[in-house]
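J.: For reference, the chains in residue letters:
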Amino acid sequence: MSLADKQAAFVRAILDDSTPLPEGWGNSHALGLSVYRGNYRNALMGTLESTYERTAAYIGEEAFRTARINHVIANPPSHWTIDSAGEGFDQTCAKLFPNNAEVAELAWLEWTMLELATAPNTKPFTAQDFAEASAAFGDAEWMGLGLEFQPRAATRRVTHDLTALWKSLGADSEGVDLRGYEEPQGCLAWREGERPTFIMVDADNTRAFEAMQNGERYGDLVGLLAGDQPDDEAIQSAAQRAGAMLGQWLNEGLVVGLDL
Amino acid sequence: MNDPHPPIAPFGGFGLGLRRAHYDDFLSETSRVPVDFVEVISENYMIEGGRQLRILEEVRERHPVILHGVSMSIGSAGGLDDGYLARLKALAERIEPLWVSDHLCWTRTSAHNSHDLLPLPLTGEALDAVCANIDHAQNTLGRAMLFENPSSYLTFPEDEMTEWEFLSEMARRTGCYTLLDVNNIYVASRNHGFSAQDYLAGLPLDRVRQIHLAGHDPATQDRPVIIDTHDREVCNPVWDLYAQAMQMIDQPVATMIERDEHIPPLVDLLTELDRARGAKLEPA
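Respectively, the protein sequence lines represent chains A and B.
In terms of our numbering, the first sequence opens at residue 16 and continues consecutively.
In terms of our numbering, the second sequence opens at residue 235 and continues consecutively.
Check the hints yourself; a few may be wrong.
[Stated by the list, open to error] Some, not all, of what chain A presents toward chain B, calculated at C-beta under 7 Å: (1) A23; (2) V26; (3) N54; (4) S93; (5) I97; (6) A132; (7) G195; (8) Y196; (9) P199.
Keep in mind that the hints were calculated from the coordinates and are not lab data.
Only a predicted model underlies this, so the values are computations on that prediction, with no experimental measurement involved.
Just so you know, even glycine gets a beta-carbon here, dropped at the ideal spot from N, CA and C.
Only chain B is shown next, with the shape it has when bound in the complex:
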C-alpha cells in the first residue's frame, strides 16, 4: 500500500452538515448544538474573506470540522486543478479539519465543469487515473483523504469490476480512506440491480472513517430511477442498511445526516440524528 501520509485516526461521533439556515443555532451564545462534529462543503468556504469564512472559524472554535468537497474531480482524465488544490490546502490549514473528503466521480473536462458528480467507467484505465489523481491530491494537501462512494444513474458497458472492487483497489494503492454513504449504496444498488450487502462485504471496512445518511427521491412508474436528493428524511431501508454496516465495522466512525434541500429546523435534524445514535447502540 502506498501510505506516505499520517494515518487518519478513527473518530466516533454524530454530526450534521453546517448549512446557512442553521448559522444562528451554531453561533448561539446561550446553547451549544449537541453534535460531535460538523461537516461543511469545502467549496463554500474556499473564499478569501467575509462573513461566511468568519462564521466557519467561529463554529470551528466550538466543534471539530470536516471539509467535504464536491469539485475536486478525482476521476478527471486530464488531472486535477492545481489552483483548486491550493485553495483547498489553504482552507485546511486555516480550519485544521478532522479530515478532508471528496467523491469517487468526475465533474469536469478541461473545457467544462458539470457541477455534478458524474459516473466513472469502472475500468483499469479509470482506476489508474483516479489513483494518480489521489496521489497528487494527497501529496499536495500533505494528508490522506477520504473518498465517498457515489450515487449513480448509469453504468458503462465496458465496466471491468464492481464499484466496491474499484474502491478497494483505490484504497489499497493510494492509502486513502472511505467515506461510506449508505444512502448512495442503496440508491446505486436499486438503480443497477446489485446487492447492497455484497457491496458492504466487499469493501475494506477498516478504511471507513465516516458514514453519510441522507434521503432520496424514490423511483416512479414514469422514472424508474432513484435520485439522490438530500431533500427529505432517511428512509427505513437505508436505516436498516446503516445498522448492518455498523455491525460490520469494528472501529469508531463519524456518522452524519446530510440535508441540502428543503432544510428543516435544526431540531428536526437533531431528532433524526438521535435515530442514528440509537441504531449504533443496538446490540449486534
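Next comes chain A alone, as it looks inside the complex:
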C-alpha cells in the first residue's frame, strides 16, 4: 500500500468508526487510533462551540451538541484553517430547525461577524469623499456608478429582530428577547474599524446592497426599487430611496471606493 493510500485509509478510519483496521494492526493500534479520533472530534466540536456561542446559548446545550455532530459529519473539513469548520453551520441549523428560522439567522450572523473580524483592512470612502468625487457627475455618470464595498460585508433577509436577540444572548442577559417580524426584514453586517457590527434594515435595503455588491449600477438600483412598470412618481420615490441608502452606506463606512 502506498503512502497516499495509507493516509487516505487513516483519514477514513478517523472519520468513520466502522472502518476496518488496516491489515497488521492490533489492539495497541486501535487504542492509538481512538486518540486521534477523539482529537479530531474534540477540535471540531470546540471550534464550533467558540464560533457559535450565542446560537448555543439560544438552542441549549443538548440541541447544540446534536447540531454540531450533524454538521461535522456532513461537512468534514478540507481547508487548512480549522475556523472554516464553522462555515455553513447556518444551513445545518436551517435543516435541523425548520420551524425556527431565527436559529439559522443567528448562526449566519455569528459566522458573518467572525469572518468580518479578519477581513482586509480598508479605508472608508466618506460622504465628503463622495461629494467631491460626484460633484461633476452628469446623468450618465450617476446611472453607471458602481460601488466597492468593504470586503466580507454581508446582508441577509431575516424574519426576526437579530439586534434584540443578539443583545439578549450576551453577557448580563436577563433572558431571551425573540421578536418576529410580520414581513421579512434585512440584517446588514460590516466592520467599524476593527469591530464587526450590524444593524437591521428593511428588506429592500438588503436587496439593493446585494445587487450593488454583485456589480449592479446605481441606475439599476433605482430600477430595482421602482418595481415593474413604474410611473414617474414611483421612479422619483425609488430615486429618493436609493439616495437615502447610498447616504446610509457612506455614513456607516461600508463604501470603500467607486467603480466609474
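With chain A's structure known, arrange chain B on it following the hints.
T.: Only chain B this time, still in chain A's reference frame:
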C-alpha cells in the same frame, strides 16, 4: 547536505507562546513581559486584517517572534498546499520572524483535513515524500525551517527506522533544523517503549534551534496512553529530560513553555519559565 538557504543562527533565550488571554499583558504600556521571544501559531495570523494581526504587529515591535505552524502537513503524500504556503510567506515577510517551524506529521489528504498532527510510517517512502515537501516549502519561503518531533499514539508495523533516524536523515537531506519538543520525546517514548536518552543521543543536536516544554495527560488504567495536551504544568520527568538535553546541546537554543488549554495567568507561566532558566544554569 542540501542547504541552499541561509543558516539559522542559534538564538538563546526563554519565551512563551502568545495566547489571546495574555494580549493585554503583552501590550501593556507600563511594563514589558520578561521574555526573550514569543511564539505564535502561524495559522491564527495568516489572515488578511483586523485586530488580531494588528496585535501581533505591536507585539513584534517589542519582542522577536517565532512562527509555529500546525497545518503545513509536511508529510502529505499528495504534496503541499501552495495557497497555504503563499499565506505563510506573506506573514513571514510581514513579521520577520526569528524562524518558521512546523511538525513532522501530516494533517490532510487532498479531500479532508484532520486538523490533528497525524503520525507518519517511518519508511523510506515517507522520508522521500517529507524531504521533497520540505525542499518545496523551504524554496517557496526562501528560508530554512525547523521541524518538531511529534507526540504519537501509534507506530506502524512497516516502520523501517526509528524516529530519530528519520529526523536525522531529514535534516541531512534538506538542511532543515530541529525544534526539539522534550515533552513529545517523553510522551512517545512512554507510549512506544523506547529510550528517551537513545532518542536524544541519536539526533543531530547541532541542528536544534528551539526547545518546547509542555504538560501532558498521564496514562490511566483505562487508557494506557499518555496524551500530549498542553493543558498543565511540565512534569518532573520532562524537566529531567530537558536538563539532560541541555547538557548535550552545545549551542544556544530558544526554550519555551507551551500552554494551549486551561491557560493560567501570565505570571504563572513566567514562574514556570524561570524553572527552565534555572535548569539551564545548572552546571553540567
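J.: Each of the hints needs a verdict: does it hold here or not?
T.: Results of checking the hints against the structure:
no., hint, in the structure
1, A23, "holds, 5 Å"
2, V26, "holds, 5 Å"
3, N54, "holds, 5 Å"
4, S93, "holds, 6 Å"
5, I97, "holds, 5 Å"
6, A132, "holds, 5 Å"
7, G195, "violated, 33 Å"
8, Y196, "violated, 31 Å"
9, P199, "violated, 30 Å"
In the structure shown, a violation is registered for the earlier hints numbered 7, 8, 9, in ascending order.
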